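Place chain B on chain A using the hints.
Protein chains: 2
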Amino acid sequence: MIALDAMGGDRAPNITVRGALSAARRGIVIGLFGDKDILEAELFKADPAWEKLPLSIIPCLQTIGMDEEPSRMVMRKKDSSLVRAVQAVADGQATAIVSAGNSGAALVAGTLLLGRVDGIERPALGMMLPVRQGHLFCADLGATTDCKPEYLEQFALMGHVYLKQRLGYKQPRIALLANGHEAYKGSILVKKSYELLEKRSDITFVGNLEARDIFQGKADVLVCDGFAGNIMLKTAQGTMQEMFIRIKQEIDASLWYKIIFFCGRGIFDRFKTDYNYRDQGFAPMLGLRHLLLVAHGCSSEHAITNALICADQLVKEQFLAKYNRELASYINQPMPLSQTGYSDNLRFS
Amino acid sequence: MIALDAMGGDRAPNITVRGALSAARRGIVIGLFGDKDILEAELFKADPAWEKLPLSIIPCLQTIGMDEEPSRMVMRKKDSSLVRAVQAVADGQATAIVSAGNSGAALVAGTLLLGRVDGIERPALGMMLPVRQGHLFCADLGATTDCKPEYLEQFALMGHVYLKQRLGYKQPRIALLANGHEAYKGSILVKKSYELLEKRSDITFVGNLEARDIFQGKADVLVCDGFAGNIMLKTAQGTMQEMFIRIKQEIDASLWYKIIFFCGRGIFDRFKTDYNYRDQGFAPMLGLRHLLLVAHGCSSEHAITNALICADQLVKEQFLAKYNRELASYINQPMPLSQTGYSDNLRFS
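Protein chains in written order, with our numbering: chain A, 1 to 349; chain B, 1 to 349.
Chain A with its partners taken away, still in its complex shape (with noise of 0.2 Å):
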């Protein structure tokens, strides 16, 4: 069974109901957390027939709302519909969790009833940018806003694994996010960050990456914090979003260009395909024991549907335990005291 926090999102319950509807018809097992009542309503009000299908309701009575504070509020409602549901997977009842909900309470909950893979210092959110060829994989998205260089590293591992399990990528290159691409630039984090990756022989490291350059191909994994990855993420949303309502303003302003983009609006389906976020945007909570994919607040049904697809797959495919046990062998690796420079360089041994 796939826990689906039912009541987390901007537009909840009524899109995650739907979307669980779309995936149980699919054949996956869903089981929805959240309140009763609404959730028997809101099922019923799509398909009169939903009994038939594999989805049971986990009755919980609390729900964490997007605005609330992460800690405070997991440590409080504990029976909320996403406690409830990462609980769910901790005692074995469930093999995954998808929550379009606070996603900072996804990674409070995610921590602390999970639990961290070993040696691993903090999770991240990790997720393909879409780029026009290859693939870049970018963590952390914004699970850890405030980072140390030692957690970058790790999520440049995370990356790298990510990438040669699901992708069989021999070579991932792996970047640093930066304000240029010279080795020089970089806040202090970025700095140390890449002092640690460039000393690692076990991966790639090909340098900093500008922001302006993330679509262009020049690596294929994309190391930042959480906050920059959060920026950088949500820049490029809204300036799609922008080039979207300002051209159609522009085509609305004139008949003759309505004509025109009438007749010319397949140019875009493409491209609004690639880069709907609504309909894409789930990320994998990694560093974590169990399972837990993080959706967009903002998320569509179709989005919930297919993060429900996803985490059915990657669950049959024992996707985590493998992905967990290579990122563990590169985390627990003593490194040769020649290439560390810490004196401390053997504290993971």
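One copy or two, it doesn't matter: identical chains are merged, so the pair holds either way.
As a list, the in silico DSSO-like pairs of lysine-lysine whose alpha-carbon atoms are at most 27 Å apart:
id: 1; residue 1: K248; residue 2: K218
id: 2; residue 1: K170; residue 2: K316
id: 3; residue 1: K199; residue 2: K164
id: 4; residue 1: K316; residue 2: K164
id: 5; residue 1: K258; residue 2: K248
id: 6; residue 1: K148; residue 2: K191
id: 7; residue 1: K164; residue 2: K322
id: 8; residue 1: K192; residue 2: K148
These aren't lab readings, by the way, just hints derived from the structure by calculation. Bear in mind that the values here come from a model prediction, so they are computed numbers and not experimental data.
For chain B alone, kept in the frame of chain A given last:
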């Protein structure tokens, strides 16, 4: 005379010389700092009658490259076009500097040679982002990558005074760039800056702004550290560029779309003008005692001309003297004891 770092920029001196020629034709007196032979050759190539224009060459033998480490280079290359141009303003031989070169070096040279406004802890690059309606003045966009909360508080004041003086805003709405609009969101830096800004009664602080919402007119001033600001600005630029490339690819793949696009190309015209950072991107380095305009490394001839015209106008209006006077009055104003919550609240008095 406006001092132009004629050797600075990705396409210098070709572009800088052509930009200077256009500005000089409008009567602006310009000093070109750089290699005499190279500049003379470029000038002659572009306009054999250049000697009739109010242009002079101030020969310097060194150049600070875009890839060179700023602070070291400013110290070492005393005869570089940038350092000499900044020195000319410090010495009163020129009234302002325009540079499209290494912006880190411009910051270092500006801080060392021009000096900071009393009480200002760090300079900031401040620029208007092209939002749909209204204005959004952002600072810092890359001058100070590692910030303390007190710096961000000062950047807020810089933006406040800028919008008051340049655009007549009475109470500009000031927001902090964060990974979510909720008050609890943000890195430690953002949270602490939030507390400082919330306490000030002399500005209008409206809370956190998510990067996705920067174009939506929710604030007039956006405050961030130079690292986050740079990531935001360059992600927006990269995303726009990527969208145009993608749309062009779709169009190029089909004759039908080519015809359609030809008829409807005007749809993109205004957009391309508004968001063309190659032609528009230059920003004053705020917090310094003299006027230093930093332009994009990839500036076009047009952008250099615009920056020179802008510098000339600001000098004629005596903008910086007025701006710095008002800024200092905000900075040096001791806050009432009840509002600060600090024991060292009289440090500015």
